[in-house]
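K.L.:
Here the protein sequences line up with chains A and B, keeping their order. Taking the numbering used here as reference, the numbering of the first sequence is continuous, increasing by one, and the terminal residue is 399. Taking the numbering used here as reference, the numbering of the second sequence is continuous, increasing by one, and the terminal residue is 226.
Among the hints, a few may not be true.
Unchecked claim - Listed next, the stretches of chain A that the computed footprint assigns to chain B, with coverage defined by at least 3 CB atoms under 8 Å from CB atoms of chain B:
| id | stretch |
| --- | --- |
| 1 | 15-23 |
| 2 | 63-71 |
| 3 | 97-104 |
To be verified - To give a feel for the contact side, a few chain B residues facing chain A, derived at Cβ under 7 Å:
| id | residue |
| --- | --- |
| 4 | 51 |
| 5 | 81 |
| 6 | 133 |
| 7 | 140 |
| 8 | 175 |
| 9 | 181 |
| 10 | 186 |
These are computed hints drawn from the structure, not numbers from a lab. Note that CB positions come from ideal geometry on N, CA and C, so glycine has one too.
One letter stands for each residue in the lines below.
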Amino acid sequence: MARDGGTGVKALCWEGVNKVAVRTVPDPRIENAGDAIVRVTASSVCGSDLHLIGGYVPAMREGDILGHEFVGEVVELGPGVRTLRTGERVVVGSTIGCGGCWYCDTGRWSLCDNTNPNAELSERLWGQSPAGVFGSSHLTGGFAGSHAEYVRVPFADHGAYRVPLGLDDDAVVYASDAVPTGWMAAEMCDISDGDVVAVWGAGAVGQLAARSALLLGAERVVVIDRYPDRLAAARDNAGAHTLDYRTTDVQGALRELTAGRGPDACIEAVGMGADSDGLTGVYDRARHLMRLRSDRSGAVREAILACRKGGTVAMVGVFAGAVDGFPLGAVMHKGLTLRSGQQHSQRYLPVALDRMARGDIPTGYLTTHRMPLDEGPRGYDLFKHKTDGCLRVVFHPQG
Amino acid sequence: MVGGVNARFWGRVALGAAVGAVGYLAVRSVRVAADGGRRSYLGAVTIYRPPAEVYAFWRDLPNLGRSLGRVVRVDEIDDQRSRWVVEGPGSSEVDFIVELLADEPQRLLAWRADGAPVPHEGRVEFTPAPGDRGTEVRLYVTFTPSGATAVGPLSGDRVGRLLSDALRRVKQIIEAGEAITAEGRSSGRDAYDRLPAPDDAGSARLTPRPDPEPSPMPWPATGGPA
Numbered sequence: 001m002a003r004d005g006g007t008g009v010k011a012l013c014w015e016g017v018n019k020v021a022v023r024t025v026p027d028p029r030i031e032n033a034g035d036a037i038v039r040v041t042a043s044s045v046c047g048s049d050l051h052l053i054g055g056y057v058p059a060m061r062e063g064d065i066l067g068h069e070f071v072g073e074v075v076e077l078g079p080g081v082r083t084l085r086t087g088e089r090v091v092v093g094s095t096i097g098c099g100g101c102w103y104c105d106t107g108r109w110s111l112c113d114n115t116n117p118n119a120e121l122s123e124r125l126w127g128q129s130p131a132g133v134f135g136s137s138h139l140t141g142g143f144a145g146s147h148a149e150y151v152r153v154p155f156a157d158h159g160a161y162r163v164p165l166g167l168d169d170d171a172v173v174y175a176s177d178a179v180p181t182g183w184m185a186a187e188m189c190d191i192s193d194g195d196v197v198a199v200w201g202a203g204a205v206g207q208l209a210a211r212s213a214l215l216l217g218a219e220r221v222v223v224i225d226r227y228p229d230r231l232a233a234a235r236d237n238a239g240a241h242t243l244d245y246r247t248t249d250v251q252g253a254l255r256e257l258t259a260g261r262g263p264d265a266c267i268e269a270v271g272m273g274a275d276s277d278g279l280t281g282v283y284d285r286a287r288h289l290m291r292l293r294s295d296r297s298g299a300v301r302e303a304i305l306a307c308r309k310g311g312t313v314a315m316v317g318v319f320a321g322a323v324d325g326f327p328l329g330a331v332m333h334k335g336l337t338l339r340s341g342q343q344h345s346q347r348y349l350p351v352a353l354d355r356m357a358r359g360d361i362p363t364g365y366l367t368t369h370r371m372p373l374d375e376g377p378r379g380y381d382l383f384k385h386k387t388d389g390c391l392r393v394v395f396h397p398q399g
Numbered sequence: 001m002v003g004g005v006n007a008r009f010w011g012r013v014a015l016g017a018a019v020g021a022v023g024y025l026a027v028r029s030v031r032v033a034a035d036g037g038r039r040s041y042l043g044a045v046t047i048y049r050p051p052a053e054v055y056a057f058w059r060d061l062p063n064l065g066r067s068l069g070r071v072v073r074v075d076e077i078d079d080q081r082s083r084w085v086v087e088g089p090g091s092s093e094v095d096f097i098v099e100l101l102a103d104e105p106q107r108l109l110a111w112r113a114d115g116a117p118v119p120h121e122g123r124v125e126f127t128p129a130p131g132d133r134g135t136e137v138r139l140y141v142t143f144t145p146s147g148a149t150a151v152g153p154l155s156g157d158r159v160g161r162l163l164s165d166a167l168r169r170v171k172q173i174i175e176a177g178e179a180i181t182a183e184g185r186s187s188g189r190d191a192y193d194r195l196p197a198p199d200d201a202g203s204a205r206l207t208p209r210p211d212p213e214p215s216p217m218p219w220p221a222t223g224g225p226a
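Make a model of the complete structure from these sequences and hints.
P.N.:
Structural data, given as structure tokens:
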């Protein structure tokens, strides 16, 4: 864990499709006046990392450091940083915001105009560029991630938040991304009295979306997945009803539960790794396996079909390119509202910390596995295959 | 002066000149218009600050030059003329005079740089954006035919990209106070312990996840697309 001499730090790097390795990489440095260097004490895996590792997201480069949910200690500050002190324990949002553009000023920080140094690349793919993101593809800046002993945090005044007392690393790490994502998904549902909300995906984000939906006033929340241990966790910790889509007719069960209306809002918390059954699913999987740049979108399709007329489908799972077989007819004829986006860290992270500190949103249980960074490859293997009851792995780079 | 200098040299000089003299704003779209040897570029960006502030940033030429990266310095000779010193190849520098043709505060700046390595004319217009979204900035640059030989090595794409980068930098500095860099990012590409690794010592290949068998469809197809 050398730093003073600058002789390198340990980091978990992507080294090609389905290949990760721990390497000793050059020390991160202050590059911009608003940067901070954070000594990482905990860094979580995330389902979106699996899309990156699997090679399904364009513009990954061999050697990229993964990780975007992290807690640590501020060890160095650029001359422009005003609100932080060295030695402070901070949790850092996964999306980077400049604080000065129209998007940041209006609370839509993940759409920041100014934090993606590769904006031109994503403009070619998506028309406009979103904010920079830690530990992701070069489409969103290629910023070094947090699965490392130290990480550079640009615009630290806007992205790093002091950790309230009483929250330990393995719990508060989810304030970076998973809790804000879940909260934003629930907020996008515009929940009103009596609403039933269905959530596809019982990973951390799905469970946190379910919990948030209840806190925001949903009458009932249903979580859909195929892993019994995850469904049990959603029942026990998020207060949700659950459906196992391998053994249950989900559409039928949701219709029955809502007496034919369909859920008032549906949250998709799976992303492009979604399974789906039937012919469309086989077609999706074949194209996905061949990396034909067509994202799998089974959960989105299910959500759209299930949603009541005039309802809202909130998509927070990550997609990168195009999807096939999108049921646009159902969207149109049922008058659905589709909402989506990366979470706005700087808007939702303070809310998340407040709710977590009050005990409204428990997160400690999500960390089923903790390990040193050296075991990173094993950690991702466990997480990918969901073996040993793995829900989330948190790395502790300082040992 | 142009003849006999290789294309790469003039490419570098022209880049610096284009950025330096033209100076200006992030382009969402760059259009290249052929007009009998003249080549024109349009770039546009919205900056989330009032026109007075954006104009003032722009009109302060030494400040503008500092913001653009490849400009060494800008010396104001008088109200109309300024000398721009830009990076050339290696450690060399190239300088030329830029003459302001029009200066309408908060609205417009236009200039000409006849003696530049890439002679050109430029104009930047500032318009209040609707709904308090700041200032719409539109940049027009025309490379004049006399500079054809010098412009030669520059492809339209490169000029467009360069102007686009310059516009983006100005927007970032005005809005965010600095232009974020991707330079110096640490990565495993420079790992100290990178092994040639015939069989990946220290690295692990994740085993492919078995795909779930298609389920027997316990419910009738829901009408999803097949």
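K.L.:
Hint by hint, say whether it matches the structure.
P.N.:
Do the hints match the structure? See the list:
1. Using a Cβ-Cβ cut-off of 8 Å, 7 residues of the stretch 15-23 of chain A lie near chain B, which meets the minimum of three, so the contact claim holds.
2. Counting residues of the stretch 63-71 of chain A whose beta-carbon sits less than 8 Å from any beta-carbon of chain B gives 3, enough to reach three: the coverage restraint holds.
3. Here the stretch 97-104 of chain A counts 5 residues with a CB under 8 Å from a CB of chain B, which clears the bar of 3, and the coverage holds.
4. At a threshold of 7 Å, the smallest CB-CB gap from residue 51(B) to chain A is about 15 Å, leaving the interface hint violated.
5. The beta carbon of residue 81(B) is not positioned within 7 Å of any beta carbon in chain A (closest approach about 33 Å), and the interface hint is therefore violated.
6. At a threshold of 7 Å, the smallest CB-CB gap from residue 133(B) to chain A is about 6 Å, leaving the interface hint in force.
7. A cut of 7 Å between beta carbons decides the hint on residue 140(B): the least distance to chain A is about 20 Å, and the hint is violated.
8. Taking 7 Å as the C-beta contact cut-off toward chain A, the hint placing residue 175(B) at the interface holds, the least distance being around 4 Å.
9. The criterion of a C-beta within 7 Å of any C-beta in chain A is met by residue 181(B), whose closest approach is roughly 5 Å, and the hint holds.
10. Checking residue 186(B) against chain A by beta carbon gives a least distance of about 5 Å; that is within 7 Å, so the hint holds.
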